[in-house]
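*Asks:* Below, each chain spelled out in residue letters.
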Amino acid sequence: MPESSSTNQAKNAPARAVDEAVRLYGDMIFDLCEAVMWSPANAQLAFRAILKLIRTRYASEAYRAHERAWILRIACEELLAFATRHGRKLSPAEQIELDSSNDISKRLARFDAFFRRLQPMDQILLLLKDKYGLPYPEIASALGQPEGSLKVRRQQSLRGLEEWIWEQA
Amino acid sequence: MNCFDWQNRSSDYLDGTLIGAIKQEADEHLDSCEACTERHKHYRMILTTLSNRPRAGLPIPVRKAPLTVGLPRLELTTSRWAAIPWYLRTSLEAAGIILLTLAGISLGPKARSLYEKKMERSLNDFSQPFSDPARNDMAYPAANNANATRLAADPAGDEFASEGDDDEDAGDDEDTGDAEETASVVENIRVGKSDVWRFILKTDSPAEMRKHVVEVLTALRSPEDQQNADGIRAPGGIQFDLILPQTAIPKLKTQLNSLAPPAPEGLADTPAGETFTWYKVKSKRKIPEGMTRVVIWISQM
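Line by line, the protein sequences are chains A and B.
Using numbering that gives the first Met the number 0, you'd call the opening residue of the first sequence number 0 and step up by one each time.
Using numbering that gives the first Met the number 0, you'd call the opening residue of the second sequence number 0 and step up by one each time.
No wet-lab data here; the hints were simulated from the structure.
Be a bit skeptical, because a hint or two may be false.
Below, a list of computed lysine-lysine pairs in the DSS-like style, where the Cα atoms sit at most 25 angstroms apart [unchecked claim]:
id, chain 1, residue 1, chain 2, residue 2
1, A, Lys-105, B, Lys-40
2, B, Lys-252, B, Lys-210
3, B, Lys-40, A, Lys-130
Let the hints inform the model, and build the full structure from the sequences given.
*Replies:* Here you go:
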């Protein structure tokens with residue numbers, strides 16, 4: 000007996016959810032992955048891990064209330080775990096090289112390297128807030144942190160970047 | 000508002016969400032504080048840089064088939080060891096440390112025994128017979144076989160006692176006393192299977208003493224066993240290193256004691272004046288049953 004169309008639709012729903020997530024938010028998620036993981040290869044692997052998690056959790060969690068927040072929550076959760084396992088940190092030689100120049104313009108040119116000194120969660124916070132303009136409640140939902148904590152983390156991250164780039168020159 | 004307060008509210012100030020009196024205070028503080036003004040400018044530059052940061056585009060193959068497209072291998076930036084969960088890593092490290100400690104404790108005595116064997120081997124290599132022409136650099140003649148034969152006929156040593164040693168002329172009583180002492184010494188000496196008996200003689204003329212010691216040893220050993228019979232010349236004296244029957248130790252001790260010269264003038268009854276000393280130590284060297292190792296050292300006084 001042929002399967003009903005509704006059954007087929009139910010079976011294909013996770014795949015469609017993944018496709019929709021890629022179409023709507025793929026660039027943003029991939030940008031976050033690339034910023035946190037440094038390496039494009041590792042960023043692609045992290046991106047795939049996030050999509051697999053979306054496909055797995057689609058059946059168990061309702062996401063229609065706020066689709067972007069739900070997808071970002073899964074993405075941030077998996078990306079932070081991936082960064083903990085495979086993330087790269089600056090080596091001591093790279094740290095010394097980074098701090099070696101006294102020229103502010105050269106230090107600004109190495110902004111990405113200073114940015115990557117931050118913790119992965121701080122990097123995601125700054126990108127979501129200042130690059131993509133997401134509101135604090137949505138970022139708090141994505142990162143699983145209170146809004147007040149996020150504001151403090153943002154302020155501390157900005158202070159740290161300012162100190163590394165200007166005060167230590 | 001001071002710098003600390005302004006710093007705490009800098010995030011809201013940058014977002015433009017400060018309102019009312021607090022915003023006015025923050026503005027006034029910036030007008031009056033150059034450090035915070037500078038810091039505010041730097042924050043603006045950072046936020047501008049972040050917002051203008053180029054976006055990493057999703058590769059087209061990944062966009063088309065995100066779950067099925069072949070991806071490059073993971074570039075491991077941390078070691079495989081660091082990638083193991085911390086509870087497993089800590090347990091493995093602790094187990095490794097314990098195993099290493101136990102291995103060190105168990106192998107320590109074995110390493111020491113190997114070292115001791117090596118030392119004994121080197122000592123044996125050093126114990127070249129004195130009659131070896133390649134090593135004979137002094138004019139010390141070999142033992143007189145005729146004397147050895149004569150002494151072998153009289154193992155009690157009476158013949159030797161009549162050679163003219165001044166100490167032996169002290170009287171016959173001393174010879175009788177020696178026999179009694181030998182009997183008591185035999186009872187008291189406990190000769191183990193792997194022991195080393197060391198006898199030290201101090202004399203003005205080691206070469207002369209050597210001849211007497213050779214005669215004593217020849218009498219105590221079997222005629223066919225003449226290995227190391229002549230001793231070797233070492234820095235500071237002459238050494239005999241040989242294997243003797245355990246039953247010969249008391250007699251050897253008695254005879255060597257009789258060979259020892261008197262204490263130098265002024266050093267009698269002092270440790271420095273002892274011309275004959277002996278002691279027994281343990282040896283891990285394998286020695287045939289009933290035999291023991293004897294080392295006699297004749298040193299220059």
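*Asks:* Each of the hints needs a verdict: does it hold here or not?
*Replies:* Checked hints:
Under the criterion of a C-alpha separation no larger than 25 angstroms, the hint pairing Lys-105(A) with Lys-40(B) is consistent with the structure, at around 18 angstroms. Restraint check: the Cα-Cα separation between Lys-252(B) and Lys-210(B) comes to about 17 angstroms, which is no more than 25 angstroms; the hinted pair holds. A distance of roughly 18 angstroms separates the Cα atoms of Lys-40(B) and Lys-130(A); the hinted pair therefore holds under the 25 angstroms criterion.
Checked against the numbered hints above, the structure breaks none of them.
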